[in-house]
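For the protein sequence lines, the chains are A and B, in the order given. With this note's numbering applied, the first sequence corresponds to residues 392 to 637, in that order. With this note's numbering applied, the second sequence corresponds to residues 28 to 275, in that order.
Accuracy of the hints is not assured; some may be wrong.
Partial pick of chain A residues on the chain B-facing surface, computed with a CB cut under 10 Å [what the hints assert, rightly or not]:
1) Asp544
2) Thr552
3) Pro563
Example chain A residues on the side facing chain B (calculated, C-beta under 8 Å, incomplete) [claimed, not checked]:
4) Pro542
5) Ile546
6) Thr547
7) Leu554
8) Gly560
Just so you know, these hints were derived from the structure itself, not from any lab. These figures come from a predicted structure and were not determined experimentally. Idealized CB from N, CA, C, for every residue including glycine.
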Amino acid sequence: MTRAALFVAVIVLAWLVWDTGADPVRLARGVPWILDFIRRMMPPDLRVLPAALLGALKTVEIALLGTAVAAVMALPLGFLSARNVAPGPVFYPARAVLNFFRSVDTLVYALVFVAAVGLGPFPGVLAVVAYTTTSLAKLYSEAVEGIDPGPVDAITATGATRLQILRFGVMPQILPLFLSYVLYRLESNIRAATVLGFVGAGGIGFYLQTYLRMIDYPAASTVLLVTVAMVMVVDAISSRLRDRLV
Amino acid sequence: MIEVAGLRVVLPPATVALHGIDLVVRQGEFVVVLGRSGAGKTTFLRSLNRLVEPTAGTVRVAGRAITGAGATELRAVRRQIGMVFQQFNLVRRASVLENVLAGRLGYVPSVASVLGRFPQTDLELARTCLAQVGLVHLADRRADTLSGGEQQRVAIARALAQRPAVILADEPTASLDPALTSSIMDILKTINREHGLTLVVSQHQLETALAYATRIVGFRQGRVAFDGPPAAVTPAVVQAIYGDGDGR
Numbered sequence: 392m393t394r395a396a397l398f399v400a401v402i403v404l405a406w407l408v409w410d411t412g413a414d415p416v417r418l419a420r421g422v423p424w425i426l427d428f429i430r431r432m433m434p435p436d437l438r439v440l441p442a443a444l445l446g447a448l449k450t451v452e453i454a455l456l457g458t459a460v461a462a463v464m465a466l467p468l469g470f471l472s473a474r475n476v477a478p479g480p481v482f483y484p485a486r487a488v489l490n491f492f493r494s495v496d497t498l499v500y501a502l503v504f505v506a507a508v509g510l511g512p513f514p515g516v517l518a519v520v521a522y523t524t525t526s527l528a529k530l531y532s533e534a535v536e537g538i539d540p541g542p543v544d545a546i547t548a549t550g551a552t553r554l555q556i557l558r559f560g561v562m563p564q565i566l567p568l569f570l571s572y573v574l575y576r577l578e579s580n581i582r583a584a585t586v587l588g589f590v591g592a593g594g595i596g597f598y599l600q601t602y603l604r605m606i607d608y609p610a611a612s613t614v615l616l617v618t619v620a621m622v623m624v625v626d627a628i629s630s631r632l633r634d635r636l637v
Numbered sequence: 028m029i030e031v032a033g034l035r036v037v038l039p040p041a042t043v044a045l046h047g048i049d050l051v052v053r054q055g056e057f058v059v060v061l062g063r064s065g066a067g068k069t070t071f072l073r074s075l076n077r078l079v080e081p082t083a084g085t086v087r088v089a090g091r092a093i094t095g096a097g098a099t100e101l102r103a104v105r106r107q108i109g110m111v112f113q114q115f116n117l118v119r120r121a122s123v124l125e126n127v128l129a130g131r132l133g134y135v136p137s138v139a140s141v142l143g144r145f146p147q148t149d150l151e152l153a154r155t156c157l158a159q160v161g162l163v164h165l166a167d168r169r170a171d172t173l174s175g176g177e178q179q180r181v182a183i184a185r186a187l188a189q190r191p192a193v194i195l196a197d198e199p200t201a202s203l204d205p206a207l208t209s210s211i212m213d214i215l216k217t218i219n220r221e222h223g224l225t226l227v228v229s230q231h232q233l234e235t236a237l238a239y240a241t242r243i244v245g246f247r248q249g250r251v252a253f254d255g256p257p258a259a260v261t262p263a264v265v266q267a268i269y270g271d272g273d274g275r
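Pulled out of the complex, with its shape left as it was, chain A reads as follows (with noise of 0.2 Å):
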């Protein structure tokens, strides 16, 4: 069995290698290029760092805000598509809702919000909302179905009203979690946010390809310095905030 699933799985990744032109002598007359690309960057020009800063600020404003909005919009989505809290006929089309949207990525929604309401940060705002609230509706959904019965019996036991229980009972259970996937989302949206500028919706993205547009490799490189450091120090502050909740 095991081993008839090592030959499948061997024959796929030849195949694969051929139809996407893997070919490992072609990279390797290509590292000269890419060293020449690199060297082509230094040193960075450290002029266009004012604008790589405000590009990279634009960024996490439009990751901060959109994943901000999409963890209140997602509350009720999590909740309607958790198998436990949710009836069959309000689950399954929750769950699918979910799951069709999830598949596609915010650098698409962003092509949409372009055409939608224009160049600029805010279709960008509109793309993080939009991938973000479905995704996060889906770890919700997780959390709340991985919840334990226990300590909810036990303030229902104690008389205690629909809301109480959700207090008492659920929202100490499930608050943390949520806290963290937001966090977690968070991270990857300033990522994600990092390339929304390729396709016009803002941030340090529009910089970063109107450089290496221009040929001007030193400014770019500026710009590529700028967004690894603003990766760096929101995932450090986020990971920081996680471990805390936990």
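Position chain B relative to chain A; hints supplied.
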């Protein structure tokens, strides 16, 4: 104090857990429910406060019908019934005091409690109940930092904070080190003696049951197989409750 008549419970999809139980528990009794696992002990206890919905029959607690009660009346009757669980069922991330305060939820206004506001008298009562189980010094600790025995004592304090007429305890010592069994059972006995609280406790340990109960009720396959004082539990009675080991 507890009047059960014709209590029948069918669990989905079609398991008959209880076949028409008739039982009257008088004020101040310490009833221990015995039986093999699957005999219906847990279902019986949970149908007394309708955590399990009875299929047929009536349950009255402290003179009020809990079966057929609407939402408001159901909560009012539940306040009268403290419950202690095998797995303690504390809110792990909340403090010990907050867990005990949860016992007051049936009495306080819903919205105020959701915002975390409890009357001063309830805070004092919660501390009194913690003192009763000897844990007032741990009031501010997070519940999940306590040992199992301590958590179960907090759970008892939560039940006491309801100022209940009855306490139901579902295998309260089964998750604990055997050495802790008597400490938990002693606390329950004290509550029973000093406050005249009616107790219904399920137990799988025969010796413990006989040592603490004023009355033994033995369940077998969803029916009452024995009902009487501990002194009347003979080897034949044990055989009637537990069978001869093949489960039939």
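Here's how the hints hold up against the structure:
no.: 1; hint: Asp544; verdict: holds (6 Å)
no.: 2; hint: Thr552; verdict: holds (5 Å)
no.: 3; hint: Pro563; verdict: holds (5 Å)
no.: 4; hint: Pro542; verdict: holds (5 Å)
no.: 5; hint: Ile546; verdict: holds (6 Å)
no.: 6; hint: Thr547; verdict: holds (6 Å)
no.: 7; hint: Leu554; verdict: holds (5 Å)
no.: 8; hint: Gly560; verdict: holds (7 Å)
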